[in-house]
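Make the full structure from the sequences, and use the hints.
So the sequence lines, in the order shown, correspond to chains A and B. Just so we're aligned, residue 1 is where the first sequence starts under the working numbering, counting upward by one. Just so we're aligned, residue 1 is where the second sequence starts under the working numbering, counting upward by one.
Read the hints as simulated data drawn from the structure, not as lab findings. Check each hint, because a few of them may be wrong.
To be verified - Stretch by stretch, here's where chain A covers chain B in the computed footprint (C-beta under 8 Å, at least three residues):
id, stretch
1, 100-108
2, 319-325
3, 343-355
As the list claims (entries may be wrong) - Covered stretches of chain B, as calculated for chain A (at least 3 residues, CB under 8 Å):
id, stretch
4, 71-77
5, 114-123
6, 464-475
What the hints assert, rightly or not - DSS-like, lysine-lysine: derived pairs with alpha carbons at most 30 Å apart:
id, chain 1, residue 1, chain 2, residue 2
7, A, Lys396, B, Lys450
8, B, Lys21, A, Lys306
9, A, Lys368, B, Lys45
10, B, Lys293, B, Lys377
11, A, Lys405, B, Lys116
12, A, Lys153, B, Lys188
13, B, Lys230, A, Lys42
For every residue, glycine included, the Cβ atom is placed at its ideal position computed from N, Cα and C.
What follows is the residue order along each chain.
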Amino acid sequence: MRYFPQNSEDIRQMLETIGVSSVEELFHRAIPDSNRCCEPLKLAPALSEPEIARYFQERERENLCSGYTLFLGGGCYNHYVPEAVNALSSKAEFVTPYTPYQPEISQGTLQAIFEYQTMVSSLTGMEYSNASLYDGATAAAEGILMAWRMTKKTRFLVARSVHPEYLATIRTYVRNFGLVVELIDTDEFGMVCPLSFEKLYDESVGAVMVQSPNFFGVIEEYGWIKEKIGESKCLLISVTAEALSLGYLKSPAAWGADIAVGEAQSFGLYPSFGGPGLGFFTTSNKKFLWEMPGRVVGETVDTEGKTGYVLTLSTREQHIRRERATSNICSNQAWCLTRASIFLSLMGPEGLREAALQNHSKAVYAQKEMEKRGIPSRYKGPIFNEFVVLLKDARKVQERLLEKKIVAGIPLCWFFPEETQSLLITVTETNTKEEIDRLVKELEAANG
Amino acid sequence: MAENRDKIVEPLIFSRSGSGKVGYSLPPLDVPEAANLSPEQLREKAPLLPEVSEVEVVRHYTKLSHLNYSLDEGFYPLGSCTMKYNPKINEKVASLSGMLLSHPYAPYGLVQGNLKIIKALEEALSVLTGLPYFTLIPSAGAHGELTGMLLIRKRLEKNGNPRKIVLIPDSAHGTNPASSHFAGYDVKQIPSGPEGYLSAATVKENLDGDVAALMMTNPNTLGIYEKEIKEIAELLHKNGSYLYMDGANFNALMGYVQPESIGVDVLHLNLHKTFSTPHGGGGPGCGAVGVRKEFEPFLPIPVIREGGEGTLRVLFDRQDSIGKVRSFFGNFSVIVKGLAYVLSLGGEGLKTATERAVLNANYLRSLLQETYHLPYKLPTLHEVVFSEESFKDFGIKTSDVAKRLLDYGFHPPTVYFPLIVHGALMMEPTESESKETLDEFAQTMKIIHKEAETEPELLKTAPHIAPIRRLDEALAAKQARLVYKPE
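Quick look at the structure:
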């Protein structure tokens, strides 16, 4: 087998050195007979390298979606990935090391993380960033848990327009601590409903969580929530599922967020069936620092005064503080954040803004064209790169468009059973005007 | 990794920034530019991103890459991390565009290939462990632990009482206590026995109606097989408690032990350890969780099941599920790589991988046990742990030995873990290392031991030829400078 570098002579010599007669003996003396299995593993025989390639090419062909035009988002986006991101991130020096426990020989990974922390915290407008979490959903859940640690309060208000999968993950994470999550309604603009907020909010609330652009694509204006919270202990947590928006829209910090979390898959990672993505976690205030979940990289100096980077604030972490740790995170998404650093370096502030503006412009164009053809939007609020339209039967229309090799969007009834008419349509810079025009035309026909 | 340390200082990418430089190219906008947002909705100031050309970005990250030691470069004997070779074909098949560009919300008829891949790996892991159901959604080992403990909690809730306590031996992995805590449990640490394994008697003493489960790493972090695990499982089950096995060390067991047959109820496997997917400098990973049939209704959503006529369907509507533990289907491209590894070895090959891993670890143990102190003498499997005992009288610490290894071009073993060994040096060679590599490494370890005795300063001031000298970790924590701030 090509992965095993020992030949039979090596094995003979090694066994002799150890002082056993066979490899099996090593198992026989370490594992009780009653624990060992003797049956051979009922797995298919080994495949050669060309056969493996063929196996996966066949699976790839079964993914018929390759032949379709997709208008899908909902927390996972198809964006331009500069080729240099692929070339650099596929270097074995980034792909094959472990977590940088030995900083002297891991400065590449550590510096990339430090640069990432700088870029992402600047994008959210925050002071501090950790070195990634699994995805936007777990980042949102960790945000609530951190707010609980900070405020000791057990009631949390989450906008109904936060990504349903994030909300579901939050519920899983908080349920066994007895924390209560209540939903703030959405108004006719598709935004957090002030009346609903007023009804739910009081001093028992530990944090309010708002997503912008929200799951319906609407840009929230949530400065008023910060004003209502005022100087109370309650924290404002912002969620961003479409990180590209950070290049163009007002930052979470400017809206008053204390913690800004989200999903940065849009920064140089392919949709890849939803994973791996890149959960980000940033905070505004030094007093939150020691309560942050996950790994963190900090700057320091070596014995000669040269600047270097290390994993730091580790007394928060599982391997030291055990069950009192701020999270159980060990492996996270380091390689993904390396891609994000490279992506953001290539794009720069202007590239990010231009890509974001293209997304926004194309989505607005699509929305207007649809309105012209009698397909109204569900909400009146301003959008970034996705929006909800009202159709006679969203699921049926979506199915009809499959015949035209178009996946028109996500029927919202998947998440909100009553939303039978709503289809969430996402338009990114990868969709051409021609594709959009065809979508509009076919939607009109299928809805008619 | 470059060896001339004077050459290799790479400033932050921000210092290369120059107004107007760009590293991207987008097609011109083919629709009217939208201008309907008010200034209050727009970004207040430009983010701190560098303005650099493509070539400068390529040079910068290439230089950074030279500052990293990697598995492709050499031996990486981190104990309990299973740094085995990451096959190139895995990367190739995971980057097929039909998978990279597939979307989790595409109609399931259009992504049958992806679903088949997930199902195929779930089934292969079931064969290896005997546990009939798997979820591949958790994104790391610790995420798998959390998921597994939530499953146990849900099962117990269904029985009427979630209970309060999880027992964890002192020889378990570091994440176990934190994962149990985040599943809502109190942790009670119990001692492993003098020989390095947990006795059934100790478990019995600690069992009562409050104990939800025992979380056991097997083989444990000493590389020792938990030989009373079957009796322990019986005790737990009699008490209405469950056995969770941390399978991070499963590379020691493939084809030799089926966890189901020794009484394991729930376990996690690390695809980024046993199944060769790369660590990426700290993720992404996959902490696959396997369970007995009675836990199937509680698995996190979505689950993938047969849909008839050779198709697969995706189920979300499952009343008893613990819910979602993250978005979408998990780290799909990691799953692709894990399956590629299973296919490339087959049943026999996976067993051989385990055999070679155990052979290598025992060979390394034989080579070093005369020089370094071995605190636990029982036969070991895939890893071996030495203590500081043999060199501490020279005024040398474990970290000094580790740093000196850097000068010789080796990644050090895991140090100071497990905590039950003073100044632990925990070595896991995996099956990927040749006899020559192990001989060279052992020879180096012996030289370092000699140096510890004769030239201790050499160790205390190591590393000497790494890109950077020892870093001030206390200062890093004190100043908490986590981001670059322009002057």
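key: 8 Å C-beta criterion, at least three residues: is the stretch 319-325 of chain B covered by chain A   = holds (count 4)
Pair hint outcome, lysine 396 of chain A versus lysine 450 of chain B [Cα-Cα no greater than 30 Å] = With a Cα-Cα distance of about 76 Å, the restraint between lysine 396 of chain A and lysine 450 of chain B is violated, given a limit of 30 Å.
key: Coverage of the stretch 100-108 of chain B by chain A (three or more Cβ within 8 Å)   = holds (count 8)
query = Holds or violated: lysine 153 of chain A with lysine 188 of chain B, Cα cutoff 30 Å?
reply = 26 Å, holds
message = Tell me if the straight-line CA distance from lysine 230 of chain B to lysine 42 of chain A falls inside 30 Å.
response = With a Cα-Cα distance of about 23 Å, the restraint between lysine 230 of chain B and lysine 42 of chain A holds, given a limit of 30 Å.
inquiry  = Is the coverage entry for the stretch 343-355 of chain B by chain A consistent with the three-residue Cβ rule at 8 Å?
reply    = holds (count 12)
query = Are there three or more residues in the stretch 71-77 of chain B whose C-beta lies closer than 8 Å to some C-beta of chain A?
reply = Contact hint for the stretch 71-77 of chain B vs chain A: holds, 4 residues under 8 Å.
query = Taking 30 Å as the top limit, are the C-alpha atoms of lysine 21 of chain B and lysine 306 of chain A close enough?
reply = Roughly 29 Å between the alpha carbons, so the hint for lysine 21 of chain B and lysine 306 of chain A holds.
ask   = Would you say the stretch 114-123 of chain B counts as covered by chain A, given the rule of at least 3 residues with C-beta under 8 Å?
value = holds (count 3)
message = lysine 293 of chain B and lysine 377 of chain B were given as a pair; does the straight-line alpha-carbon distance stay at or below 30 Å?
response = Status violated; Cα separation ~38 Å.
Coverage claim, chain A over the stretch 464-475 of chain B, checked by counting residues with Cβ within 8 Å (three needed) = holds (count 9)
inquiry  = lysine 405 of chain A and lysine 116 of chain B were given as a pair; does the straight-line alpha-carbon distance stay at or below 30 Å?
reply    = 22 Å, holds
The structure fails hints 7 and 10 (numbered hints given earlier, in ascending order).
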